[in-house]
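Asks: Residue numbers (the numbering used here), protein chains in the order written: chain A, 91 to 396; chain B, 17 to 266.
Treat each hint with caution, since some may be false.
[Stated by the list, open to error] Per label pair, the in silico range of CB-to-CB distance:
1) 58(B) x 381(A): 32 to 38 Å
2) 168(B) x 367(A): 22 to 28 Å
3) 99(B) x 351(A): 40 to 46 Å
4) 358(A) x 166(B): 50 to 56 Å
5) 367(A) x 235(B): 38 to 44 Å
6) 200(B) x 367(A): 48 to 54 Å
[Stated by the list, open to error] Now the stretches of chain A that chain B is said to cover, found in silico as 3 or more residues with beta-carbon under 8 Å:
7) 91-98
8) 197-205
9) 267-273
[Claimed, not checked] Incomplete in silico selection of chain B near chain A, CB under 7 Å:
10) 89
11) 97
12) 99
13) 147
14) 158
15) 160
16) 176
17) 180
18) 222
19) 224
20) 226
21) 258
22) 262
Derived from the structure by calculation, the hints contain no laboratory data.
Just so you know, even glycine gets a beta-carbon here, dropped at the ideal spot from N, CA and C.
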Amino acid sequence: MEIYLPVAEMSVYWLVMIGLGLIVGFLSGMFGVGGGFLMTPLLVFSGIPSTVAVATTLSHVTASSMSGALAQWRKRAIDFPMAGVMLVGGVFGTLAGIWLFALMKKQGQMDLIVALSYVIMLGSIGIIMLRESLQTLRAYRSGTTVPARRVNHPWIHRLPLKMRFRQSRLYISVIPPIAIGFAVGALSAIMGIGGGFIIVPAMIYLLRMPTNVVMGTSLAQIIAITAITTLLQATSNYSVDIVLALLLVTGGVVGAQLGVRAGAKLRGEQLRLLLAILVLAVGAVLLWRLVANPADVYSLYLEPAA
Amino acid sequence: MKRQALIALLAFAVPASGGAAAQEIVSGISQDVIQITSNYTGTDIVVFGAIDRIDTPQNRNIVVVVRGPDTPMTVRRRDRIAGVWVNNDAARFTGLPSFYYLASTEPIDRVAPPRALARYGIGIDYLLPAGVFSHHDPLPFRQAAMRHLKQQGLYAEMPGTIDFLSETLFRTRVPVPANVTRGQYNVEVYLFRDGEVVSAQSTPLFVDQTGLERRLFNMAHNSPLAYGLACVFMAMLLGWISSVLFRRPV
Chain A
91 MEIYLPVAEM SVYWLVMIGL GLIVGFLSGM FGVGGGFLMT PLLVFSGIPS TVAVATTLSH
151 VTASSMSGAL AQWRKRAIDF PMAGVMLVGG VFGTLAGIWL FALMKKQGQM DLIVALSYVI
211 MLGSIGIIML RESLQTLRAY RSGTTVPARR VNHPWIHRLP LKMRFRQSRL YISVIPPIAI
271 GFAVGALSAI MGIGGGFIIV PAMIYLLRMP TNVVMGTSLA QIIAITAITT LLQATSNYSV
331 DIVLALLLVT GGVVGAQLGV RAGAKLRGEQ LRLLLAILVL AVGAVLLWRL VANPADVYSL
391 YLEPAA
Chain B
17 MKRQALIALL AFAVPASGGA AAQEIVSGIS QDVIQITSNY TGTDIVVFGA IDRIDTPQNR
77 NIVVVVRGPD TPMTVRRRDR IAGVWVNNDA ARFTGLPSFY YLASTEPIDR VAPPRALARY
137 GIGIDYLLPA GVFSHHDPLP FRQAAMRHLK QQGLYAEMPG TIDFLSETLF RTRVPVPANV
197 TRGQYNVEVY LFRDGEVVSA QSTPLFVDQT GLERRLFNMA HNSPLAYGLA CVFMAMLLGW
257 ISSVLFRRPV
């Protein structure tokens, strides 16, 4: 029942890892996110070294997103020019993130920085999403019309280098998408995430993209960025475990397909409310681990064999 | 490594200088290679041997030590800073074995005086790091390292676990856990009489990955780009296959 991971150099129960992939994949498909923000902490909780967890989760995200993106592509719900523009920023962000990753590893503060960035990111985004979706749901219940959400950010429209994105029915500067791509690329390298939980709200609330193209476009962007980050992690940190990736991906792709079907039965507002609760829950667990008294204040690190 | 060579040298020199005619202890191990395969979850090796003179058990003791390759270790201490637990202080030790298992006929403080134990590195408390790098008192860090290594099953001291099959034949079972480092291990068997080593034997034991695991590990390090591409390709392929398979029943 156990299988040896050649790069992590440890044994795991393979059914547990497939199950982990299945559950996280299900949530990915349902919410249109990659699931890295769940997978990385879960792998670390189950004893996988955090460097391997961060690098290997990316493959899981690639696969889950692939299967989700193809479903969206058949519905013609991907804005490829938008994904491409974001990817330009994403490549530079990834390079910056890999550099920062190596620096933090040397300082011994890797775990802290990862945990802190998770808590801050998940906490703030979770709260914003929770508030917005609750307002929308309440308005829907009381029968009043949803307040017009096309509140434009004037500063975004004053930026130069405007470009027309037909599918999103937008004519905006390329700077905000590139900046979002950069931030997500950096986080992808540091946190082992595709960044869907950042891209999706950013596309909805900052870029004001129509909700129907948000999922597909973010998934296409996530596939590209996780593939690039996997290659960079494999060549610079040697921390991608292909056996672990195979286990997670196998569970993940099946879960993602089931999740897409489950997600289709729920309304957008409900989906966003559930995602907000999930994001906040993961953030709360990580925060608890940061502030709770540890069982042992000392930790031991054995340098791996050369 | 230098320290271990010295131990081996000393150990073998003792019978000669003591004037003993023949080696008084012979030993062997059930396998001299542990292969880490995809279903490796740890294994047991059996160390066996014979002593060629019948002694009274009161003053005769056997100690079996299995030592893994030396590995640098870093111990970090977290402190609460602004409400958050932060790695605040660290100590680094070199020259400590990555695996240490000791079996003996009696608790080691009854086998020999501390000086003799320290000379051969017998007993977890007598393992001394070759290098200590710390800004503060390293002792609590060393104790924490030993505590963690024991918890992880990498360090163990098991007195009274050597079985005698006859008056001269003995054997002991050494559990090797799944999380061991690859490399050369040494199985050392010591015969003590009246607190002195009278005979010793050291046998190498190799722990290594084999087959597919070895090839994957090598590929990850020697051709990382191809390895990374294989990973990405596998992920995309499986994503696509699942999407095709699940297409119909919508």
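Asks: Compare the structure with each hint and give your call.
Replies: Each hint tested on the structure:
One distance hint, 32 to 38 Å for the beta-carbon pair residue 58(B) and residue 381(A), holds here, with the actual separation near 35 Å. Between residue 168(B) and residue 367(A), the C-beta spacing of about 36 Å breaks the proposed range 22 to 28 Å. Between residue 99(B) and residue 351(A) the C-beta distance comes to about 43 Å, which sits within the given range of 40 to 46 Å. For residue 358(A) and residue 166(B), the Cβ-Cβ distance of about 54 Å falls inside the hinted range of 50 to 56 Å, so the restraint holds.
Under the hint 38 to 44 Å, the C-beta atoms of residue 367(A) and residue 235(B), about 42 Å apart, fit the expected range. Checked against the given bound of 48 to 54 Å, the beta carbons of residue 200(B) and residue 367(A), roughly 53 Å apart, stay inside it. Residue count for the stretch 91-98 of chain A with a Cβ under 8 Å from a Cβ of chain B: 5. That meets the three needed, and the coverage hint holds. Only residues whose beta carbon comes within less than 8 Å of a beta carbon in chain B count, and the stretch 197-205 of chain A has 4; three or more means the coverage holds.
Given as covered by chain B, the stretch 267-273 of chain A fails the check, having 0 residues with a CB less than 8 Å from a CB of that chain where 3 are the minimum. Contact between residue 89(B) and chain A, as hinted, is supported at the beta carbon level, the nearest pair being about 6 Å apart and thus within 7 Å. For residue 97(B), the interface hint is violated, the least distance from its beta-carbon to any beta-carbon of chain A being 10 Å, above 7 Å. A least Cβ separation of about 6 Å between residue 99(B) and chain A falls short of the 7 Å threshold, and the interface hint therefore holds.
Interface hint at residue 147(B): violated, since its Cβ lies 13 Å from the closest Cβ of chain A, which is beyond the 7 Å cut-off. Among the interface hints, the one on residue 158(B) is violated; its C-beta lies about 10 Å from the nearest C-beta in chain A, farther than the 7 Å criterion. This hint holds: residue 160(B) has a C-beta 3 Å from the nearest C-beta of chain A, less than the 7 Å allowed. Hint status for residue 176(B): violated, given a least beta-carbon distance of 28 Å to chain A, over 7 Å.
Violation of the interface hint for residue 180(B) is found here, the shortest Cβ-Cβ separation to chain A being roughly 34 Å, above the 7 Å cut-off. For residue 222(B), the interface hint is violated, since its Cβ never comes within 7 Å of a Cβ in chain A; the closest pair sits about 13 Å apart. At about 10 Å, the closest approach between the beta carbon of residue 224(B) and any beta carbon in chain A exceeds 7 Å, and the interface hint on this residue is violated. Because the smallest distance between the Cβ of residue 226(B) and any Cβ of chain A comes to about 11 Å, over 7 Å, the interface hint for this residue is violated.
Because the closest C-beta pair between residue 258(B) and chain A is about 4 Å apart, less than 7 Å, the hint holds. Taking 7 Å as the C-beta contact cut-off toward chain A, the hint placing residue 262(B) at the interface holds, the least distance being around 4 Å.
The earlier numbered hints that this structure contradicts are 2, 9, 11, 13, 14, 16, 17, 18, 19 and 20.
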